[in-house]
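Taken in sequence, the protein lines are chains A and B.
Position one of the first sequence corresponds to residue 1 (the working numbering), numbered consecutively onward.
Position one of the second sequence corresponds to residue 201 (the working numbering), numbered consecutively onward.
The calculated label-pair distances, taken between Cβ atoms and stated as ranges, are:
1. B/Pro203 to A/Leu92: 26 to 36 angstroms
2. B/Asp308 to A/Asn193: 26 to 36 angstroms
3. B/Ser360 to A/Asn193: 28 to 38 angstroms
Here are a few chain A residues that face chain B, going by a calculated C-beta distance under 10 angstroms:
4. Trp10
5. Ser14
6. Gln104
7. Leu109
8. Glu191
9. Leu192
10. Glu194
Simulated from the structure, these hints should not be mistaken for laboratory data.
The C-beta atom is built at its ideal place from N, Cα and C for all residues, glycine as well.
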Amino acid sequence: MDLNRLEHAWDKQSVAAPAVPIATVIARLEAEVRSAERRFRGAIVIAVSLLILGWITAIAAHLAGIKPLTPLTLVSQLIGSALYVALFMRALESARATRREIAQSGGTLRDSLAASLRTIELQIQNARIAAVAIPTVVAIGGGLFLARYFAGEIPGFSAALGSGFIAVLGAMIGAAIWDRYRSLLAPRRRELNETLSGLE
Amino acid sequence: MEPAKREALFAEAMKQHLGIFLKTAYAFTLPADRDDLVQEMLLAAWQALPSFDGTSKLSTFLYRVANNRALNWNRAQRRYGHKLAALEQCPQLTLEADDATTDNARLDWLYALIRELPPADRTVLLLQLDRLSHREIGEVTGLTENNVGVRLHRIKRWLSEKKETHHGP
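Excised from the complex, chain A in its bound form (with noise of 0.2 angstroms):
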């Protein structure tokens, strides 16, 4: 086989197109970027409003002497506040990063491919941060519950349940960021460095 029998077959083809509708192909591509942006803005106000309404029902609570806020309770509020913040945005960089790749998508492929390569490892990083966040969140939830029980805020039952809970969304939130890296990041990365060490 030689590149000139290659190239004749490769002459002798065509794209079999029906009548291609292009105003309702751009109509849905239109639909597709402005749902994407939709999901966007809605992850951005739901995670704003969860923050905003966890400190809403905490000083509520407060006034209406429903659940006092204690220095050990307004401690907990802004440690879990700012570590929500904290990855709330690097999440937010990551999804900039994954729209800037998109939007560049035109250059040439070493730089595409070094874009990607680039949100790949802003991803594994954000993995890497959450793998020593949630065990340090578990921990000062877990001792936050236990200085209530010992302050006398909350009974034993309420404190082993509170602990028992975090334990579990974290370990939770810890499977499904390791399953993200080991089946999605990691390969990826691999396949990223393979290919742009092909195009050196």
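Since the structure of chain A is provided, determine the placement of chain B on it from the hints.
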């Protein structure tokens, strides 16, 4: 970029360069995934068009988008899996042999052969088969002209070791 210009460029891409998307999809995926990859490429082209500044040819830009999406396919498949349903109503696009001397079985064999190559070499061969110059292949891939020449020489040597095994008419 003005919406009208973007739409005009996309219409040009669909009318004159649809083959770029199809040939790339055939070279990078098995039949079951082709439609999804073509749709993915169309979506990427639409999203990337505002960054097209006209310094290169539209076809060069589309070769970049198509190959970029093809090389990112596994990941993109997961990312956009839920979105593609909205594009399912588009007419099915295929590549077909023009005459009796090149039957569809031969085309399938050719694409299977191309898929044996590493991804970067696959792209270079595809661009060569579409008669792009070494400079243009460099513009798409980011390789130097020299590197393109060396790579094509290696691909030709690899091809010379392959026997045509399809069973056409």
